[in-house]
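Novice: Chain residues, written in single-letter form:
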Amino acid sequence: MRIAHYLNQFFGGIGAEEHAGRGLEIHEGAVGPGKLLESLLGSDARVILTFVCGDNFAVEHQAELTAAILEKLRETRVDLVVGGPCFDAGRYGMAAGAICRAVQTELGVPVVTAMSEENPGVDLYRDALYIIDSGTNVTKLRDVVARMAALGKKLAANDPIGSPTQEGYLRRGWLRDQLVEKRAATRLVDMLVAKMKGELFESEMPATSFAPVPMPAAVRNLSKARVMLITDGGLVPKGNPDRIEGTAATRWGSYNIGGSDDLRGEDYEVSHGGYDTRFVQEDPDRLVPLDAMREMEKNGVIGKLHDEFISTCGRSNPLSNTRRLGREIAEKAKRDGVDAEPALAAALRSQPNWKKQASRWFKSLPRCRSQKWSDPTA
Amino acid sequence: MVQITSALPIAKMVGSNRVVLGTGIVHVTGDAKLPPADEKELRRKLVQKALDALQSNEKQ
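Listed in order, the protein sequences are those of chains X and D.
Be aware that the first sequence starts at 1, since it is given in my numbering, and climbs by one per residue.
Be aware that the second sequence starts at 379, since it is given in my numbering, and climbs by one per residue.
Okay, chain D solo, but in the shape it has when bound (with noise of 0.2 Å):
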């Protein structure tokens, strides 16, 4: 499992082992202020980090 959070210290806390971080508490995986092409490609490479995480057995 990874986790995508914006609220990284209460995901250290609990212990996730996979974590990256999201662009903010009301769009974890979106950014409204950017132009709609501009915000997929950041949701690309936020999911391409998470998907890397999945794959690799480094606590991050």
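Next up, chain X with everything else stripped away, as it sits in the complex (with noise of 0.2 Å):
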């Protein structure tokens, strides 16, 4: 079996912090935890390449990181490609991730990687890719790299996967048909005497939980600050311009708002399967209240209402994307120098499973701007 592998500055011996500016660099052959890697595999596992690279370099310039490695690998063939492990080095997962899954999806290659469960790589690419759970700490290296081997083997041999209790790797958030002995009424009874026995049991439909998220500031001066409205009820201008998805939507749009008073119906629709959007189609503003927000801004409470309002729609939507949504709107924000935001949140209907991914990406904003905008108008 042939391998290339990547590896940050440290695990490629390099060298510290001070090092993680250093640009790509190709070796042939097995470096640091590679060798272990080899050894676990068994005698017909080669490491051919290993890519060691900078953490900084690595996220500063990724796309370009990415593009040098995959056309190494169009020349040289290789049977899985096997990323870190990274544990919580957060630079390092998000470029092992993203090295794994442009592999994955551009070459059709196997490959494995490793992450702590708090790694944000495992936010961004635990849906693409298998990453098996490496913990925190790196004194458990042999193991982590024994439990990648013996799921990279598998996978570069297309022998079936287990489930991730049973391989060792981060939930992926997939369900899979299997049959049972039991019917599900059964197995709830069960799992519902072990718990109050205070007995083991595991959860087939294990909750999203989430993180606390930092509150940031409160605004100091209002009527200087610059507010925006963000929407994920699927407002759009006619004709959709941006065909933003009224399922599991890919993709938010800005829309301009300057020198109006008020939104018509006319003008817009509604692209959400999720909730009966004849209201809204009736009056927007009882979606993206700009009516009242003009006053406020002509009466002087608030600075000034940003010229445009950001629209995405929030149904049915897996975390990883609403997550990716909810930072580039934050960056977006960020760009224009919003000082506050109310975010109009609608349609979230009834299937808890959903619910909580689709209204997942107000999280992300908070958590982007905290640092900077702790004190926007000070």
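Hints were generated in silico from the structure; no laboratory data involved.
Among the clues, some could well be false.
[To be verified] Derived pair list, reagent style PhoX-like, types lysine-lysine, alpha-carbon separation capped at 20 Å:
| # | chain 1 | residue 1 | chain 2 | residue 2 |
| --- | --- | --- | --- | --- |
| 1 | D | K423 | X | K298 |
| 2 | X | K140 | X | K35 |
| 3 | X | K304 | X | K334 |
| 4 | X | K332 | X | K304 |
| 5 | D | K427 | X | K298 |
| 6 | X | K224 | D | K427 |
| 7 | X | K224 | X | K298 |
| 8 | D | K390 | X | K298 |
| 9 | X | K304 | D | K427 |
| 10 | D | K437 | D | K390 |
| 11 | D | K423 | X | K304 |
Two independent chains are provided; combine them into the complex using the hints.
Specialist: Next comes the structure, spelled out in structure tokens:
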């Protein structure tokens, strides 16, 4: 089996943080953890190529780095690409995740990586990749690489892959059909009884958990603040120019409201398959309250209403996607110098699982902004 | 950021720090049952409440 391996500057033996700006180096043969990987995979496994790159360079030049690695791997055939393990190193995880995903998508070569659950790379790539749960303890390197090797071997051989618990990878949010002995009601009661007895049981549908979001500080001087309106209720100009999907939206749009005091139904439509949109269609101010906000601006309550509102659709969307949308929208708001955003959530209906997902992007907004925006008017 | 929503449990679950309860899923900042003038007044109040929340450091 021929393997290519991606490492950061630290595991690649270049050095610590002071070398994080180093560009891509390509080595023939195994380096550092790659040697361990080779030995654990057995005699027919060889690490043909090792890519080493500084963490800062990797994140700042992700597209360039990924393209260089893809180019090299087009020339040199490999059976498996391994990234990391990255433990809780965020930049490393993001780079390894991006590279693994690109290799998998562009070249169709199996990939495996490893990170701790809290690594931001997990948020970004858990849907797309098998990510072995490495924990945060680097002294467990050998165990982690052993699990990567075992899973990598199966992936390369196209063998069936077991559940996250069996294989040691982080949950990908997939549901898989499986034949079982007992029907759902019986399994449920068994779990309940185990729970009441204080015994161990494994839920078939673990709830998504959300880490606390630090609260951005209050806006000090609202009469000088620039305010932006954001909605996930799917309001878009007639014709839906950005083609924002009414389910699992992958895009958001920003739409000009400069000089306008009121939103009129004939100029807009609603791209959202999750609620009865007739009322918003009749008067879009019921979702994006431009008329009231314009009054606030005229009366000097707020400094300025931003000339664009942001819209996407919050329905039935995987977290990896909504997080990206949230980050992108937060970056846009930051770029445009916005101080305060009322976000308007509409249309989150009664199925708990996708409700969570649909509104997840709100969470990433304050998180992205909390460092720089704590005192926008001071 | 402040979130105006009619799905309060979700806002709580995902950890929104400033939440104002809207008038309904189908018209968060309106109410189709009210005459236009009253609906607009309602919207003014909602928006004012959201702006008040932005100026407060209390979780709400």
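Novice: So, for every hint listed, does it hold in this structure?
Specialist: Each hint, compared with the structure:
Among the hinted pairs, D/K423 with X/K298 is consistent with the structure: their alpha-carbon atoms are about 16 Å apart, no more than 20 Å. Between X/K140 and X/K35 the CA atoms are separated by roughly 16 Å; this keeps the pair inside 20 Å, and the hint holds. Taking the CA atoms of X/K304 and X/K334, the gap is about 15 Å. The hint holds against a cut of 20 Å. At most 20 Å may separate the alpha-carbon atoms for a hinted pair to count; X/K332 and X/K304 meet this at roughly 17 Å.
About 17 Å separates the Cα atoms of D/K427 and X/K298, which keeps this hinted pair within 20 Å; it holds. Proposed proximity of X/K224 and D/K427 is supported: the alpha carbons are some 18 Å apart, at most 20 Å. Using a Cα cut-off of 20 Å, the hinted pair X/K224 and X/K298 holds, with the two alpha carbons roughly 12 Å apart. Between the alpha carbons of D/K390 and X/K298 the distance comes to roughly 33 Å, so the proposed pair goes past 20 Å and is violated.
Distance restraint check for X/K304 and D/K427: the Cα-Cα separation of roughly 18 Å lies within the 20 Å cut-off, and the hinted pair is therefore satisfied. Distance check on the hinted pair: D/K437 and D/K390 sit about 11 Å apart at the alpha-carbon level, within 20 Å; holds. About 19 Å separates the Cα atoms of D/K423 and X/K304, which keeps this hinted pair within 20 Å; it holds.
Figure legend: structure checked against the earlier numbered hints; the only hint not met is number 8.
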